[in-house]
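Visitor: Here is what each chain is made of, one letter per residue.
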Amino acid sequence: MANDYEGPMIRVSDLVTHYGDRRILNHVNLDFPAGETMVILGGSGTGKSTLLRHIMRLEMPTSGKIFIKGQDICPMSEDRFNQVRRKIGMLFQSAALFNSMTIEENVALPLRELTQLEDSTIRIMTRIKLDLVGLNGFENYMPSQLSGGMKKRAGLARALAMDPEILLFDEPSAGLDPITAAGIDSLILKLKLAFRMTIVVVTHEMASAFMIADRITVMDRGEVIATGTPEEIRNSQQPRVLQFLNRIPEGDQVDAQEYLRSLTED
Amino acid sequence: MTAVLAFLGRNTLGFFRYLGGIYDLSAKAAYWAFVAPFKGRYVKWGNAIHQMVAAGVDSIPIVSLISLFIGIVLGLQGAYQLAKFGATYFVTALVGVSMTRELGPLITAIVIAGRSGSAFAAELGTMKVSEEIDALEAMGLDSVRYLVVPKYLAMLVMMPCLTLISDLAGILGGALFEMAQLDKTFAMCLSATQDALVMRDITTGLIKSLVFGLIITKIGCYEGFSVRGGAEGVGKATTSSVVISIFLIILADVIFTAIFYFTN
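Here the protein sequences line up with chains A and B, keeping their order. First residue of the first sequence: 1, per this note's numbering; consecutive thereafter. First residue of the second sequence: 267, per this note's numbering; consecutive thereafter.
For the record, the hints were derived by calculation from the structure and aren't laboratory data. A virtual CB, placed ideally from N, CA and C, is assigned to each residue, including glycine. Do not rely on the hints blindly, as some may be mistaken.
Stated by the list, open to error - Below, simulated DSSO-like cross-link-like pairs (lysine-lysine); rule was C-alpha separation at most 27 Å, straight line:
(1) A:Lys87 x B:Lys305
(2) B:Lys310 x B:Lys294
(3) B:Lys394 x A:Lys87
(4) B:Lys350 x A:Lys87
(5) A:Lys87 x A:Lys192
To be verified - Chain B residues, not near chain A, derived (Cβ > 10 Å throughout):
(6) Phe351
(7) Leu360
(8) Ser396
(9) Ala404
(10) Pro426
(11) Leu430
(12) Gly495
(13) Ser506
Modelling step: build the complete structure from the supplied sequences, incorporating the hints.
Guide: In C-alpha cells form, the structure reads like this:
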C-alpha cells in the first residue's frame, strides 16, 4: 500500500447487494476520510452491518466497488487481500473471541500467525494492548469467565494487535448496560485521540454516535439518506432522519386501503 | 404435476449444490494439507495432534469395547450355523475375515461418525454462529487451514489405527467365545486366525477406513460451516452430519466391497 495516498481511506461506490432475492444495500456511495471517525447510524435491518462486512470482504457484493486506500478489494486475490486485511482491525458484535483460548492467546494469535516476532516480544505487545483497553491482569482468563463489556474490550485488544490503520466496530454497545457502553465509547474516543486511525462505527445508539463521531451517516432500508458532521445531522430537516432522531415508530399513519390490500393479496 | 417437477428440480439442484460445496471444501483442504506446505506455509501440527487425541486416542475404549462385543456376537451366530455342519473349527476364520474386511472398518467409522463427526459439526457450527470464523477470516487467517486441515490429518492417521484396534478386539471377542464354549485354547484360536487371514483382508479394510475417515471429516466440517441461525442451526447440523455420514459410509462400503470382490 502506498503511503503517500491522499484520497479517502475507504470509498464505497455504487454498492448493491442481495441476500437471496432481498435487496439489502441499494446503490450505496460513501467516502470515509482518513483519520476520521465515521458513525453509521440506522435502525435494525437497514444494512449497516452488512456494509461493514463488505468492507472486510466477509461478503461479496452483487455489484459496485469498494476501495481501500484507492485499491478495489473485490477482484483481489485472497493472498493480496490478506495483506490489506492486516491493516484493518474489526470488533465484532459478539466480540467473537476464540472460546478455546485464553484472553492472552486470543490477542496474541494474529501476531503469532502473521508476524515473525519472538515469543517474548509478542508477550509484551499483547500486554500493552490489554493495558490499553483496561484488561491488565486478565491475561489467563478464558472468554467465558469475562463479562460482556470485558469481552468487547478483549475483542478490541485483538483488533488492535496488528496496529491497524482502519478500525471497524459492529454495534460496540449492543447488549451492554448504559454505563459499560459509555465505557466502550470513551475507549473509542481515547483511541481516536491517541492514534490517527480511521474508525468506522456501526450503531443505533444516538447518544454514543454524537459523542464519538467526526461524521455521521444515516442509513435506512439499504440506502444512505444523509451524511455529514454531527451538527449537520442534528439540524437536518429530512423526514426520515427526523423520524430516526426523534424516535418516531414506523407505520404510525397506516393507509386503511393499503392495509386491506396487503391482507388480501397473495 | 408442475409442483412435482418443481420439487424434483429444487431437490436435484440442492443436491448438486451440496456436492459442489463439499468438493470446494475438500479441494481447499487438500491444497492446505498437501500443496501449501511446499510453499513454506506449514500445516498446524499442534492442532492436528490435539485433534488426534480428541478424535482418536479418546475413542479407543469405546471402539475396542464395541468391537469386542461384535466379535463375541459373530462367534455365537457363526457357531449356531456352522455347528449344523460340524464345522465349528471355521468360526475363527469367520470372525477374523469378517472383522478385518468388513466390520472392523465399518463399526469404527460408525462410532467415529457419531463421536467425532458430530463434534466437528458442533464445533465449527458454534464458531460460525459466534462470529469466530468471521473473526479468523478478518485477521487474514484461512479458516480451512486452521480448522479443517488438522481434522483431516487427524482422521487420516487415526482411522486406520482405530480400525486395527477394532480388528484385534473383534478377533479377541471371537476367541473368548470359542475358549468358553468350543473348548479351544487361545493359541489354537491365534493360529487358526493366522491361517485364515491373508494380507489383503487387512489392507482392504484399512483402505476402507481411510475413505470413511475422509467422509466423516468432509460431512462434519461442511455441515458445521453451513450452519445458519443460532443454537437450533447447530443442533440440526450436528444431527444431519451423523445421518449423512453414516449413509455415505455404508454407500462407500458397498462400492468398495464390490470393487475388492471383483478385482480379487
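Visitor: Hint by hint, note whether the structure agrees.
Guide: Hints and how they fare:
Between the alpha carbons of lysine 87 (chain A) and lysine 305 (chain B) the distance comes to roughly 24 Å, so the proposed pair stays at or under 27 Å and holds. The straight-line distance between the Cα atoms of lysine 310 (chain B) and lysine 294 (chain B) is roughly 15 Å, inside the 27 Å bound, and the hint therefore holds. Annotation: proposed proximity of lysine 394 (chain B) to lysine 87 (chain A) holds, straight-line Cα distance about 23 Å (limit 27 Å). This hinted pair does not check out: lysine 350 (chain B) and lysine 87 (chain A) have alpha carbons roughly 78 Å apart, beyond 27 Å.
Between lysine 87 (chain A) and lysine 192 (chain A) the alpha-carbon distance is near 16 Å, which keeps this suggested pair within the 27 Å criterion. Look at phenylalanine 351 (chain B): its CB is around 57 Å from the nearest CB on chain A, clear of 10 Å, so calling it non-interface holds up. Remark: the non-interface label on leucine 360 (chain B) is consistent with the geometry, its nearest Cβ contact in chain A lying 46 Å away (cut-off 10 Å). The beta carbon of serine 396 (chain B) is not kept farther than 10 Å from every beta carbon of chain A, the shortest such distance being approximately 6 Å.
Some Cβ of chain A comes within 10 Å of the Cβ of alanine 404 (chain B); the nearest lies about 5 Å off, and the non-interface call is violated. Its beta-carbon lying about 27 Å from the closest one in chain A, proline 426 (chain B) satisfies the requirement of being farther than 10 Å from that chain. At roughly 30 Å, the least C-beta separation between leucine 430 (chain B) and chain A is larger than 10 Å, which holds for a residue marked as non-interface. For glycine 495 (chain B), the condition that its CB be more than 10 Å from all CB atoms of chain A holds, with the nearest at approximately 13 Å.
With a least CB separation of 21 Å from chain A, serine 506 (chain B) remains clear of the 10 Å interface cut-off, as annotated.
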